[in-house]
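A.B. asks: So you can see what is in the structure, the chains are spelled out below.
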Amino acid sequence: MGELDETTSVSYQPADKSKINKLWKIALILAVVTAIEFAFALILPRGPLLYFTFIALTIVKAFYIVAEFMHLKGEVKTLIWSIMIPLVFVIWLIIALLAEASSIGALKF
Amino acid sequence: MATTTTGAEEVKQKNVWNGGVAPLKASYGKLMMWFFLLSDAFTFSALLISYGLIRYSYPAFYGETSNFEFSQEYWPIPEKVFEAVPFLHGIELPLVFVGLMTFILILSSVTMVLAVEAGHRMDRKDVVKWMLWTIIGGFTFLGCQAWEWSHFIHGTDAGGLMPDGSVFFGANLMQNQYGPPLFASLFFFITGFHGFHVFSGVVLNVIIFYQASVGTLERRGHYEMVEKVGLYWHFVDLVWVFVFTFFYLI
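Each protein sequence line maps, in turn, to chains A and B.
Numbering-wise (the working numbering), the first sequence opens with residue 180 and increments by one.
Numbering-wise (the working numbering), the second sequence opens with residue 158 and increments by one.
Simulated from the structure, these hints should not be mistaken for laboratory data.
Please note that the accuracy of each hint is not assured.
[As the list claims (entries may be wrong)] Derived lysine-lysine pairs resembling PhoX-like cross-links, with alpha carbons at most 20 Å apart: (1) Lys-282/B x Lys-385/B; (2) Lys-385/B x Lys-196/A; (3) Lys-198/A x Lys-237/B; (4) Lys-187/B x Lys-286/B; (5) Lys-252/A x Lys-182/B; (6) Lys-204/A x Lys-252/A; (7) Lys-187/B x Lys-256/A; (8) Lys-286/B x Lys-256/A; (9) Lys-385/B x Lys-182/B; (10) Lys-187/B x Lys-385/B; (11) Lys-196/A x Lys-286/B; (12) Lys-252/A x Lys-282/B; (13) Lys-201/A x Lys-256/A; (14) Lys-198/A x Lys-286/B; (15) Lys-252/A x Lys-198/A; (16) Lys-252/A x Lys-187/B.
[Said to hold, decoys possible] Label-pair distances were calculated between CB atoms; the ranges are: (17) Ala-278/A x Thr-222/B: 43 to 51 Å; (18) Tyr-230/A x Phe-350/B: 17 to 25 Å; (19) Ala-214/A x Ala-217/B: 21 to 29 Å; (20) Phe-193/B x Ser-281/A: 50 to 58 Å; (21) Thr-222/B x Lys-204/A: 32 to 40 Å; (22) Lys-204/A x Ser-323/B: 51 to 59 Å.
[To be verified] Residues from chain B that keep clear of chain A, each with C-beta distances beyond 12 Å, as calculated: (23) Val-173; (24) Phe-199; (25) Gly-209; (26) Tyr-213; (27) Glu-226; (28) Met-269; (29) Pro-320.
Just so it is clear, the structure is predicted and the values come from calculations on it, not from any experiment.
Ideal Cβ placement from N, Cα and C applies to all residues, glycine included.
Next up, chain B with everything else stripped away, as it sits in the complex (with noise of 0.2 Å):
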C-alpha cells in the first residue's frame, strides 16, 4: 500500500474527517454513549428548571427556618418535608436520609471506575467483583428511594391542612400536605425519573456482570463494555448530585 500511494491519497490520508482513522480517539459505541448521555443531560436539565421556574414564581416561606409550617400558601423548605429516617420514627433528621442516599450512589460510583480500571488490566476476578459490588449499591438506592416515595406519599402524623379546611396525609398529584400540589408532582417526576434510570443501569450492570462472569468479555478481548455502562452509571450519579443540591438543598 505504500509504496503506491500517490499524492493526492497522501493529502486525504492526512485529512483526519475523511475515513480510515478515528479523529476522536474514541469507539463509535463509546462516542454514542457520550451523545446520549448529552441528550440526556437535558433532559434531566429541562425537569429541574422546570422545578426553578415553578418554584420560583410561587412565593417563598419568610421569617425563621424553626417557624416553618407546612401550609398551601407558599414553597415547603426541603429540610423541614425531608426529615424522616426508617426505624427512628418521629425523629427529626433533615435530610440525614438523603444524604446517606447520596453517599450510597457516589460509593458505587468509585466500585464502578475500579471495575473498568480492572478492565484496562483484562483481570476478570476484580472485574467480576466491582461490578457485583456495583450492583449492590445499586440497588439499596433503589430500596432507599423505594421507602422515601412510600413515606412521602402517606405523609407525616399530623398531616396538613387543605384549602376546603380538611386534613389530608401525604402526598399524590393531587393533593399534597406538604405545599402547593405540584410540589408534589414534581419530586414524583424529578425523583421517578432518576430513579428510572437507576433501575435501568442496574439492568445493564447485571448484564455486563453476567458476561464478564461467564468469560465472554475476556474472549472478546476487551472490556470495553464495562467502560461503556460505568459511563451511563457515573451519569447516573452526576444527575443524584444536582437533583440532591436543586431539590432537597435549596
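The following block holds chain A by itself, in its conformation from the complex (with noise of 0.2 Å):
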C-alpha cells in the first residue's frame, strides 16, 4: 500500500497557533466581503457596474473559499485542472442563456 493509504497514521498533536489564526483571518475576510456587499447593495444605484462588483466580490469569496477552506490550493497540479477545466461549460451555459434571454425578451415584451 504506502502511498495509496489515505493518510498516514500520526499520534495525537498540539494545535498550531497560528495554523488556526490564518483560518481565523480568512473567515474574517469573507465576513468582511459580505459586509461589503451588503453594504453597496443599500448605498450604490442598482445597474451594470454594481452587478459587476457584485460578481466580482462573488469570486473573491469562492477564491477564498475553494483554495483555503478545501485547501484546493495545496492539491496537486492534475487534481486543480481537472476541478477548473469543466468549468468552462458553466460559461458557456451563461453566454447562451444570456444570448436566448435576451431574444425571448424581445419576442415576449
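With the hints as a guide, bring the two chains together.
C.D. replies: So, in C-alpha cells, the structure goes:
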C-alpha cells in the first residue's frame, strides 16, 4: 500500500496557533466582503456597474472558500485543473442562455 | 522486489498512470467527493443561470428603488422582497436577515475547517467540539430558512394586486404577490434545493460527529471522513455565496 494509504497514521499533536489564526483570518475576510456587498446593495444605485462589482466580490469569496477552506490550493496541479477546466461549460451556459434571454424578452414583451 | 526488477518493469513503475501509485496524491474517497461536487456545481449553475435567463427575459423595474411597488408587470427588486426580520414586524430591514444567514453559514464553515485541522492532529476532543459547533450552525441556518420560507409564503400585510383585480397575500407556485409567478417558483426551487443540501450536510455531520465521539475514527487511525464531509459542507457554503449574490443582491 504505502502511497495509497488514505493518510499516514499520526499520534496526538498539540494545536499550531498560527495555522488556526490563519483560518480565522480567512473567515474574517469572507465576513468583511459580505458586509461590503450588503452595504453596496443599500448605498449604491442599481445598475450594470454594481452588478459587476457584486460578481467580482463573489468570485473573491469563492476563491477563498475553494482554495483555503477546501484546500484545493494544496492539491497537485492535475487535480486542480481537472476540477477547474470542466467549469468552462458553466461559462458557455451563461453566454448561451443570456443571449437566448434577450431574444425571448424581445419576442414576448 | 527491488533486486528482481527488470528494465521494463522499472519503466512501468515510473509511469504514474500504470497503477500502484496515487498520481493525484488524494485517496479514492476524497477524489470522488471532488468530482461529485463538480457535478453538483453544474446542477446549481443550471438553476442559477436559468434564473438569469428568466429574469433577463422579463421587463425590469425602471426608476428609483424607493418608488418600487410590487407588480405582475415586471421582475421585483429582491431587496424590496426580502426585508423582514423575525420579531421586528413592520420594520423595513432590507437583506438584514439573509445577511445574518450568510454570516451563520460562513461561521459554520470555519468551525468545520477547524474540525478538519484537529483531525490532522488526531485530536479527538477538538474534532468532537468543532463538529458539534458546525452542526449547531447548520441547524441555525435551516431554522432561519424555515422562517424565511414561511414569511415568503404568507406574504406582507398589504398583499399584491393580481391581474384579475383581486388581492393576493404571499406566494405559491401559481400566484405571487411580489411579481411574476416564476419569481416565486425560482425562489422555492433554488433556495429549496440549497436548503436540502444543507439538511443532508447536517445529517452527514451528525454521523461523523457520532463516529468521532465514540472513537471509531480514532481506531481507524485517521480522520479522513471529517475531511470528506468537510468538503461537502464547504461546497454548501460556496453555493450559498452564489445564491446570495444572484438571488438576493442583483
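A.B. asks: Next, verify each hint and record whether it holds.
C.D. replies: Do the hints match the structure? See the list:
no.: 1; hint: Lys-282/B x Lys-385/B; verdict: holds, 19 Å
no.: 2; hint: Lys-385/B x Lys-196/A; verdict: violated, 24 Å
no.: 3; hint: Lys-198/A x Lys-237/B; verdict: violated, 41 Å
no.: 4; hint: Lys-187/B x Lys-286/B; verdict: violated, 23 Å
no.: 5; hint: Lys-252/A x Lys-182/B; verdict: holds, 13 Å
no.: 6; hint: Lys-204/A x Lys-252/A; verdict: holds, 17 Å
no.: 7; hint: Lys-187/B x Lys-256/A; verdict: holds, 16 Å
no.: 8; hint: Lys-286/B x Lys-256/A; verdict: violated, 33 Å
no.: 9; hint: Lys-385/B x Lys-182/B; verdict: holds, 15 Å
no.: 10; hint: Lys-187/B x Lys-385/B; verdict: holds, 6 Å
no.: 11; hint: Lys-196/A x Lys-286/B; verdict: holds, 17 Å
no.: 12; hint: Lys-252/A x Lys-282/B; verdict: violated, 28 Å
no.: 13; hint: Lys-201/A x Lys-256/A; verdict: violated, 23 Å
no.: 14; hint: Lys-198/A x Lys-286/B; verdict: holds, 18 Å
no.: 15; hint: Lys-252/A x Lys-198/A; verdict: holds, 15 Å
no.: 16; hint: Lys-252/A x Lys-187/B; verdict: holds, 15 Å
no.: 17; hint: Ala-278/A x Thr-222/B: 43 to 51 Å; verdict: violated, 28 Å
no.: 18; hint: Tyr-230/A x Phe-350/B: 17 to 25 Å; verdict: holds, 23 Å
no.: 19; hint: Ala-214/A x Ala-217/B: 21 to 29 Å; verdict: holds, 27 Å
no.: 20; hint: Phe-193/B x Ser-281/A: 50 to 58 Å; verdict: violated, 34 Å
no.: 21; hint: Thr-222/B x Lys-204/A: 32 to 40 Å; verdict: holds, 35 Å
no.: 22; hint: Lys-204/A x Ser-323/B: 51 to 59 Å; verdict: holds, 54 Å
no.: 23; hint: Val-173; verdict: violated, 9 Å
no.: 24; hint: Phe-199; verdict: violated, 7 Å
no.: 25; hint: Gly-209; verdict: violated, 6 Å
no.: 26; hint: Tyr-213; verdict: violated, 4 Å
no.: 27; hint: Glu-226; verdict: holds, 16 Å
no.: 28; hint: Met-269; verdict: violated, 8 Å
no.: 29; hint: Pro-320; verdict: holds, 15 Å
Comparing the model with each earlier hint shows violations of hints 2, 3, 4, 8, 12, 13, 17, 20, 23, 24, 25, 26 and 28; every other hint is respected.
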